[in-house]
Amino acid sequence: MSDTWRKIIASSGARVYSLLLGLASLAVTARLLGPEGRGVVAGVAAWGSLFATIGSLSMGQVVVHHAAKQADRCWIEPLFGVLLFMTAILSLLMWSVAAAIGYVKADLYGGLPGWALQLGFLSIPFLIWQSYGSNLLISSGNLKFYNRAQVVASSVGFLAIVIALVWFERGVAGVLMAMVATTALMSGMGISKLWTLAGEKVVIQTQVVLALLKDGLRLHLNAVGGVLLTLLNTLMVNYYSSAEQVGWYQFASQMIATMVILPQGLQSVLYEMTAQSGPDQVWPQQRRILMRLIALMAIASALIYFLSPWIVVFIAGEKFLASVEVLRPLLISTIGVSMSYGMANQWLGRGLFLQTALLTLMSGIVNAGLNAWFVPRYGMIAAAWSLAFVYSVGFLTNLFMAVYVERKWRCQARCA
Numbered sequence: 001m002s003d004t005w006r007k008i009i010a011s012s013g014a015r016v017y018s019l020l021l022g023l024a025s026l027a028v029t030a031r032l033l034g035p036e037g038r039g040v041v042a043g044v045a046a047w048g049s050l051f052a053t054i055g056s057l058s059m060g061q062v063v064v065h066h067a068a069k070q071a072d073r074c075w076i077e078p079l080f081g082v083l084l085f086m087t088a089i090l091s092l093l094m095w096s097v098a099a100a101i102g103y104v105k106a107d108l109y110g111g112l113p114g115w116a117l118q119l120g121f122l123s124i125p126f127l128i129w130q131s132y133g134s135n136l137l138i139s140s141g142n143l144k145f146y147n148r149a150q151v152v153a154s155s156v157g158f159l160a161i162v163i164a165l166v167w168f169e170r171g172v173a174g175v176l177m178a179m180v181a182t183t184a185l186m187s188g189m190g191i192s193k194l195w196t197l198a199g200e201k202v203v204i205q206t207q208v209v210l211a212l213l214k215d216g217l218r219l220h221l222n223a224v225g226g227v228l229l230t231l232l233n234t235l236m237v238n239y240y241s242s243a244e245q246v247g248w249y250q251f252a253s254q255m256i257a258t259m260v261i262l263p264q265g266l267q268s269v270l271y272e273m274t275a276q277s278g279p280d281q282v283w284p285q286q287r288r289i290l291m292r293l294i295a296l297m298a299i300a301s302a303l304i305y306f307l308s309p310w311i312v313v314f315i316a317g318e319k320f321l322a323s324v325e326v327l328r329p330l331l332i333s334t335i336g337v338s339m340s341y342g343m344a345n346q347w348l349g350r351g352l353f354l355q356t357a358l359l360t361l362m363s364g365i366v367n368a369g370l371n372a373w374f375v376p377r378y379g380m381i382a383a384a385w386s387l388a389f390v391y392s393v394g395f396l397t398n399l400f401m402a403v404y405v406e407r408k409w410r411c412q413a414r415c416a
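Residue 1 is where the sequence shown starts when you use our numbering, and the numbers rise one by one after that.
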């Protein structure tokens with residue numbers, strides 16, 4: 001087994017553990033809260049992720065590009081200080097926006113309880129920092145630490161949910177508090193490690209702020225498109241349908257998230273390799289791994305398609321059997337999602353921020369249009385088919401990118 005595959009499996013192993021605990025948490029909350037309670041939790045979590053994603057300005061994703069341009073680790077100190085500072089500023093801004101929406105147009109939250117939204121929104125600064133801290137850790141060669149932090153935070157989060165629901169019987173409020181505590185722990189562990197790497201000081205340089213904002217905003221359309229691709233579906237189902245349908249849809253989405261842990265692990269390893277060697281140097285090995293990964297995901301999707309009724313009932317009970325009709329079309333998207341994870345380093349490592357952003361934004365707009373037209377008529381099943389269609393188109397886009405990278409690599413090999 002190659003060293004790269006060991007890293008992928010190690011990274012995926014941490015994600016497997018985290019997502020298995022996530023599934024265990026899902027099973028516990030599904031059985032104790034029911035579809036409606038799960039729907040409230042999913043709706044609040046989606047809104048929190050929305051504000052965190054928009055508020056982050058995509059500055060975390062450009063860390064890979066900045067790291068790839070420098071051979072040593074002198075970039076860690078200024079980036080750490082600036083991103084820590086921006087987390088505080090952007091969190092305050094997003095809280096203000098969330099409060100303004102609640103005051104001016106509260107029905108936009110789809111009937112979610114105000115107290116639940118307030119609890120869930122406490123996680124916004126930690127979610128913003130996670131998008132920064134994870135990229136800082138991976139780009140600085142601390143993937144193993146990041147994996148361990150995921151394991152610890154997931155374990156504590158699961159225990160917190162069980163204690164909140166079973167011991168204290170706190171219901172939805174207990175689950176939301178446990179979620180906030182988990183994100184806070186994950187962020188705190190990352191900050192502690194990066195504080196040491198940065199020489200135990202916070203340096204805020206104006207030129208670094210401007211550079212990150214410039215590159216981040218060029219890429220931020222990508223984040224907006226990502227929101228339109230993922231979170232929007234849950235929010236649309238929440239707005240137009242019942243809390244039960246949100247619960248069913250979110251359960252199926254969580255199953256898909258569990259399936260793509262290996263592609264996510266590959267992405268983390270490729271980011272680390274690209275930051276150290278550059279996108280062209282990693283391509284030969286990346287190509288071989290990616291081909292095997294896509295084949296593996298296709299086989300897994302076919303198996304889960306036929307086994308999905310038994311899997312859903314085993315995990316969440318018969319009340320969630322309706323999730324099967326959502327899970328099956330969502331399985332189509334796993335190939336496109338895997339290809340997206342597997343090619344992200346090539347786009348970002350080459351500094352193609354604007355191109356990446358525009359393509360993702362276009363996909364998101366198409367998904368938003370399909371959701372707006374069909375979800376009011378057909379509910380959660382329309383959201384699932386919309387995502388399947390858009391990610392299928394995204395697979396072709398990344399395939400074209402792979403062909404371009406391959407041709408460029410072959411040309412360089414002939415000229416060498």
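For the record, the hints were derived by calculation from the structure and aren't laboratory data. As the structure is a prediction and not an experimental result, all values here were calculated from the model. A hint or two may mislead.
Straight line, CA to CA, 27 angstroms or less: simulated BS3-like cross-link-like pairs of lysine-lysine [what the hints assert, rightly or not]:
(1) K214 x K201
(2) K144 x K214
(3) K201 x K144
Listed next, with one range per pair, are the computed distances between beta-carbon atoms [to be verified]:
(4) K144 x I101: 17 to 25 angstroms
(5) R287 x K105: 29 to 37 angstroms
(6) E36 x K408: 47 to 55 angstroms
Note that beta-carbon positions come from the ideal geometry of N, C-alpha and C, so glycine has one too.
Against the structure, the hints come out as follows:
With a CA separation close to 25 angstroms, the supplied pair K214 and K201 stays within the 27 angstroms bound. Distance restraint check for K144 and K214: the Cα-Cα separation of roughly 30 angstroms exceeds the 27 angstroms cut-off, and the hinted pair is therefore not satisfied. Proposed proximity of K201 and K144 is supported: the alpha carbons are some 23 angstroms apart, at most 27 angstroms. A hinted range of 17 to 25 angstroms is violated for the C-beta pair K144 and I101, which are about 40 angstroms apart.
Evaluation of the 29 to 37 angstroms hint for R287 and K105 yields a failure: the beta carbon distance comes to about 48 angstroms. In this structure, E36 and K408 meet the distance hint of 47 to 55 angstroms, their C-beta atoms being roughly 52 angstroms apart.
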